[in-house]
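Build the full structure now, drawing on both the sequences and the hints.
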Amino acid sequence: MSKMYYRELYCGSPVRFWMGLTLLGAIIAVGLGAAYYMEHQGHWVTGMSNQIVWGLPHVFAIFLIVAASGALNVASIGSVFGGPLYKPLGRYSALLAIGLLVGGLIVLVLDLGRPDRLIVAMTEYNFKSIFAWNVILYSGFVAIVAVYLWTMMDRSMEKFKRPLGFAAFFWRIALTTGTGSIFGFLVAREAYDAAIMAPMFVIMSFSYGLAFFIITLIAAYIWGDREIGVYRLTKLKNLLGVFVGAVLYFVLAYNLTNLYVAQHHGIERFILLDGGIYTMMFWIGQILIGSVIPLFLIYSPAFENSRWAIAVASIAVLIGGFFQIYVIVIGGQAYPMNLFPGKEIVETGFFDGQIINYVPTFPEAALGIAGMAVSLALVAIGARVFKVFPETLED
Amino acid sequence: MSNKSDQPSVERRQFIGGTLAAAGALTLAPGVILHAAGSADKTTSGASGEHRWGMLIDANKCADGCSACVDACNSEHGLTDLGRPETDAVWIRPVKLKDKQTGHVDRLVMMCQHCEHPPCVDVCPTNASFKRIDGVVLVDRHRCIGCRYCMMACPYKARSFVHEALSEQSVAAPRGKGCVEGCTLCVHRIDAGEMQTACQEACTREGHNAIVFGDMKDPDSEISRILKSHNSVQIRADLELNTGVRYLNL
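Chains as they are written, first to last, in this note's numbering: chain L, 1299 to 1693; chain W, 359 to 608.
Errors might be hidden in some of the hints.
Think about it this way: if two alpha-carbon atoms lie no more than 20 Å apart in a straight line, the pair counts; the simulated SDA-like pairs of lysine to any residue are [said to hold, decoys possible]:
| # | chain 1 | residue 1 | chain 2 | residue 2 |
| --- | --- | --- | --- | --- |
| 1 | W | Lys535 | W | Asp549 |
| 2 | L | Lys1685 | L | Ile1516 |
| 3 | W | Lys456 | L | Gln1652 |
| 4 | W | Lys456 | L | Gln1561 |
| 5 | L | Lys1641 | W | Gln459 |
| 6 | L | Lys1385 | L | Asn1536 |
| 7 | L | Lys1385 | L | Met1455 |
| 8 | L | Lys1641 | W | Asp498 |
| 9 | L | Lys1533 | L | Ala1544 |
| 10 | W | Lys535 | L | His1338 |
| 11 | L | Lys1641 | W | Arg499 |
| 12 | W | Lys575 | W | Gln554 |
| 13 | L | Lys1685 | L | Tyr1303 |
| 14 | L | Lys1301 | L | Arg1530 |
| 15 | W | Lys456 | L | Ile1653 |
| 16 | L | Lys1641 | W | Lys454 |
| 17 | W | Lys458 | L | Glu1645 |
| 18 | W | Lys456 | L | Asn1636 |
| 19 | L | Lys1426 | W | Asp480 |
| 20 | W | Lys535 | W | Asp498 |
| 21 | L | Lys1533 | L | Pro1688 |
| 22 | W | Lys456 | W | Ser587 |
| 23 | L | Lys1641 | W | Asn485 |
| 24 | W | Lys535 | L | Leu1416 |
| 25 | L | Lys1533 | L | Val1610 |
| 26 | W | Lys575 | W | Glu408 |
| 27 | W | Lys535 | L | Tyr1335 |
| 28 | W | Lys458 | L | Gly1640 |
| 29 | L | Lys1533 | L | Asn1636 |
| 30 | L | Lys1641 | W | Ser525 |
| 31 | L | Lys1426 | W | Asn485 |
| 32 | W | Lys419 | W | Leu597 |
| 33 | L | Lys1641 | W | Ser590 |
| 34 | W | Lys454 | W | Val428 |
| 35 | W | Lys456 | W | Ala417 |
| 36 | L | Lys1641 | W | Leu597 |
| 37 | W | Lys419 | W | Glu580 |
| 38 | W | Lys454 | L | Ile1516 |
| 39 | W | Lys456 | L | Thr1646 |
It should be emphasised that the hints constitute simulated quantities derived from the structure, not laboratory data.
Shown next as structure tokens:
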């Protein structure tokens, strides 16, 4: 086997790199301004309320955090499971994982009611709270993956690569289990309170993370005028197909279980039949765009060697994934909690029994998009400064 | 402007000596200090495990169209109506129910149920949500980071997030923008030795007597006597949270 050379990613023209970074910087600046505005005015200027307490920023944050742990999979396959084709991609996989996680965390923190009290969250732990565990899991993930990246890049650290790969792999499973359990551990709401949430989030992370990885890898190689072989992309594509199918399976198991339980018929009817925007997001966003179209593009013989089909399938998986998180986070809150089974609520001072309307506002969207921009900017700078990309990925 | 300070003048040497002594005391004797704090109840009116404060709402007596308890709660705790019902703070709310099968109508008020096993306390990452030894569930506004996970976890929708800057707050209930809050069971009154919450006081004044507040651990209290002789229910009893707020005739 020929030796693999890694080189910093310089794009065809320096202007393109700096223009790209400037654009990302502008998006981040708008997002920070939005966060300042929301913090300064108070959250009444957002679409969030006492009924929809987590809104669009949380959708972005959870989406990025879930994708982050999945992005590390390629490195794990390379150094933990010994896949030679994946090995050269390990460095970028780790860089992307860190970038996505930091982007998601920034959104999460800036949407807190008191972001200035982050130090309280870092020093005061209630170990019965999965949120407190997540503070440790998220910051630990960045640290472990950073060291893991170091062992992949520095030959003198080579001997630590495998144990760190293992550690990072188990840590990332714990991280997504923790993220899914944020919802799994909520006894109050009918859409949540299910153990399947944890493994479902793990498999969702496999899918979104790989889709992020494929699309950014293709973009980087176009950006840097480098070669990437179809065989390697096809391998990644097939893996994505398996993950998309697995997510679909978990969604099926979750909904079938709910459909069996009379108590959950209301929420199922809401999501699957008459929930308006949420029903549309579920069927068109999550199922059609996020599952059916990518599966067709991945497995149809007509697109067997088409890298554009792979790129489109990855983007579709990401769009579908975003809608999936939206339906889980917002749809689950929009449907009312059933405090009084068998009773109809005829008068309420606090929207009891009503389906809650949520319209996200511009500042919320700006903050969320800025989180994505932070991820991309970190990856762009990281790839320029460190030798993460192989000079060529020809077959 | 006067130069006169209201601070006592302190000699530097005394100050340093005092600081060192205080630091020494804090370093050497935390056990003593903790012990003193733990036994505060014997000498002060701090919370005590000998009580469990609770409330009983009689759905038959809760009068249609009445909002006396809500108004009293709002004025007691300085909750203002900003005309934004989605984001305005609500600590107590009336709910009118109709049985889907029989058409029977009930009216009651909902607030923090002061659970023995409160989900809000379980999920709070920073221990800001906490339960006092006497059963009152509160939010420490100095620790709350405004993550709203407790609002996601509460089965009773009993909490509100402060969505805007506040002014002219009530001394009884300090609040803060970006923090979560809810019914305190008028803990400031309990700690002052008063045996009546603002909502109960208003309900009694209106002549409805639908709210009874008291110590559920004291067998002779009114609430204990009624709970013993009548069949009461907990809302979402299936969750086994052992609520401190119970309902009659529901």
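Verification of the hints:
1. Lys535(W) / Asp549(W): 25 Å, violated
2. Lys1685(L) / Ile1516(L): 17 Å, holds
3. Lys456(W) / Gln1652(L): 15 Å, holds
4. Lys456(W) / Gln1561(L): Answer holds: Lys456(W) to Gln1561(L) is near 19 Å, not above 20 Å.
5. Lys1641(L) / Gln459(W): The given pair, whose Cα atoms are some 8 Å apart, holds under the 20 Å limit.
6. Lys1385(L) / Asn1536(L): Cα-Cα ~17 Å, so holds.
7. Lys1385(L) / Met1455(L): Holds: Lys1385(L) and Met1455(L) sit about 16 Å apart, inside 20 Å.
8. Lys1641(L) / Asp498(W): Given pair Lys1641(L), Asp498(W) is violated - Cα atoms ~35 Å apart, limit 20 Å.
9. Lys1533(L) / Ala1544(L): Roughly 17 Å separates the two Cα atoms, so the pair holds.
10. Lys535(W) / His1338(L): 9 Å, holds
11. Lys1641(L) / Arg499(W): Outside the cut-off at roughly 36 Å; violated.
12. Lys575(W) / Gln554(W): Holds, at roughly 16 Å.
13. Lys1685(L) / Tyr1303(L): 9 Å, holds
14. Lys1301(L) / Arg1530(L): Between Lys1301(L) and Arg1530(L) the Cα gap is close to 17 Å, so the pair holds against 20 Å.
15. Lys456(W) / Ile1653(L): Holds, at about 18 Å.
16. Lys1641(L) / Lys454(W): With a Cα-Cα distance of about 10 Å, the restraint between Lys1641(L) and Lys454(W) holds, given a limit of 20 Å.
17. Lys458(W) / Glu1645(L): 14 Å, holds
18. Lys456(W) / Asn1636(L): 14 Å, holds
19. Lys1426(L) / Asp480(W): 6 Å, holds
20. Lys535(W) / Asp498(W): Status holds; Cα separation ~13 Å.
21. Lys1533(L) / Pro1688(L): 17 Å, holds
22. Lys456(W) / Ser587(W): Violated, because 26 Å separates the two Cα atoms, which is more than 20 Å.
23. Lys1641(L) / Asn485(W): 35 Å, violated
24. Lys535(W) / Leu1416(L): At roughly 16 Å apart (the allowed maximum being 20 Å), Leu1416(L) and Lys535(W) satisfy the hint.
25. Lys1533(L) / Val1610(L): 16 Å, holds
26. Lys575(W) / Glu408(W): 7 Å, holds
27. Lys535(W) / Tyr1335(L): With a Cα-Cα distance of about 14 Å, the restraint between Lys535(W) and Tyr1335(L) holds, given a limit of 20 Å.
28. Lys458(W) / Gly1640(L): The given pair, whose Cα atoms are some 6 Å apart, holds under the 20 Å limit.
29. Lys1533(L) / Asn1636(L): Violated, at about 47 Å.
30. Lys1641(L) / Ser525(W): Violated. Lys1641(L) to Ser525(W) sits at ~39 Å, over the 20 Å cutoff.
31. Lys1426(L) / Asn485(W): Holds, at roughly 10 Å.
32. Lys419(W) / Leu597(W): Roughly 27 Å separates the two Cα atoms, so the pair is violated.
33. Lys1641(L) / Ser590(W): 18 Å, holds
34. Lys454(W) / Val428(W): 14 Å, holds
35. Lys456(W) / Ala417(W): Answer holds: Lys456(W) to Ala417(W) is near 12 Å, not above 20 Å.
36. Lys1641(L) / Leu597(W): With a Cα-Cα distance of about 18 Å, the restraint between Lys1641(L) and Leu597(W) holds, given a limit of 20 Å.
37. Lys419(W) / Glu580(W): Since the Cα atoms of Lys419(W) and Glu580(W) sit roughly 16 Å apart, the hinted pair holds (cutoff 20 Å).
38. Lys454(W) / Ile1516(L): 58 Å, violated
39. Lys456(W) / Thr1646(L): Status holds; Cα separation ~12 Å.
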